[in-house]
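J.: Listed here are the chains, written in short residue letters.
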Amino acid sequence: KAGVTQTPRYLIKTRGQQVTLSCSPISGHRSVSWYQQTPGQGLQFLFEYFSETQRNKGNFPGRFSGRQFSNSRSEMNVSTLELGDSALYLCASSPEYSNTEAFFGQGTRLTVV
Amino acid sequence: AQSVTQLDSQVPVFEEAPVELRCNYSSSVSVYLFWYVQYPNQGLQLLLKYLSGSTLVKGINGFEAEFNKSQTSFHLRKPSVHISDTAEYFCAVRGMDSSYKLIFGSGTRLLVRP
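The listed protein sequences derive, respectively, from chains R and U.
If you read the first sequence in the numbering used here, its first letter stands for residue 1, the second for the next number, and so on.
If you read the second sequence in the numbering used here, its first letter stands for residue 1001, the second for the next number, and so on.
These are computed hints drawn from the structure, not numbers from a lab.
In this text the structure is predicted, and so the values were computed from the model without any measurement.
No farther apart than 25 Å at their CA atoms in a straight line, the calculated lysine-lysine pairs in the BS3-like style are these: (1) 1049/U with 1101/U; (2) 57/R with 1101/U; (3) 1069/U with 1101/U; (4) 1049/U with 57/R; (5) 1069/U with 1058/U; (6) 1049/U with 1069/U.
Covered stretches of chain R, going by a simulated chain U footprint (3 or more residues, C-beta under 8 Å): (7) 84-96; (8) 102-108.
Restraint ranges, calculated between C-beta atoms of paired labels, are given here: (9) 1045/U with 84/R: 26 to 32 Å; (10) 1062/U with 15/R: 42 to 48 Å; (11) 1045/U with 86/R: 20 to 26 Å.
Note that the Cβ used here is the ideal one computed from N, Cα and C, for glycine as well.
Based on the sequences and whatever the hints tell you, model everything.
T.: The structure is reproduced here in structure tokens:
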């Protein structure tokens, strides 16, 4: 069974641009969550999607958005990039029942210059 | 709301010595508890989890953890570490609702020396 796939693995963008990151969950998993990891703030929850609906949202500005498609694949978008958005963005997928763990992808390393 | 505290930012230890990485949490609701490991430039890999039942849980690579509800702790232990255990370790909690939102501690870097 294939794991969680995130594309691209590395990305360099300029301040003010926007970026879209993609996440393909494990087959059969309907929940997809996104996390931002930085040296200063650690791992922070961005949002979670379940069956195409945002079920939970972290404390991030509106420049961060996401969506989930009918095949459970998810994208997150960051508009008007700032230097502080440089981070490792991790996607995690989970099956429908709640008493289990999240499975993480390798992450997308975003560098904003 | 939940929070997680990992008191030690770095733990140096010699190879084949035992190690304990500490994790304390706070929550107004019952929680699930997890330990994840992260190697350089990689995602997070689950080491072990406590969902219910026995408070002593065993995970991969010889790690184990004990859930202590009264002390709200979930410390990770290994009786004998290897050089390959050098990595960042994260404790995480999730409330027992339908959401998969994980709250992570700040991480503990385990540095195993020969």
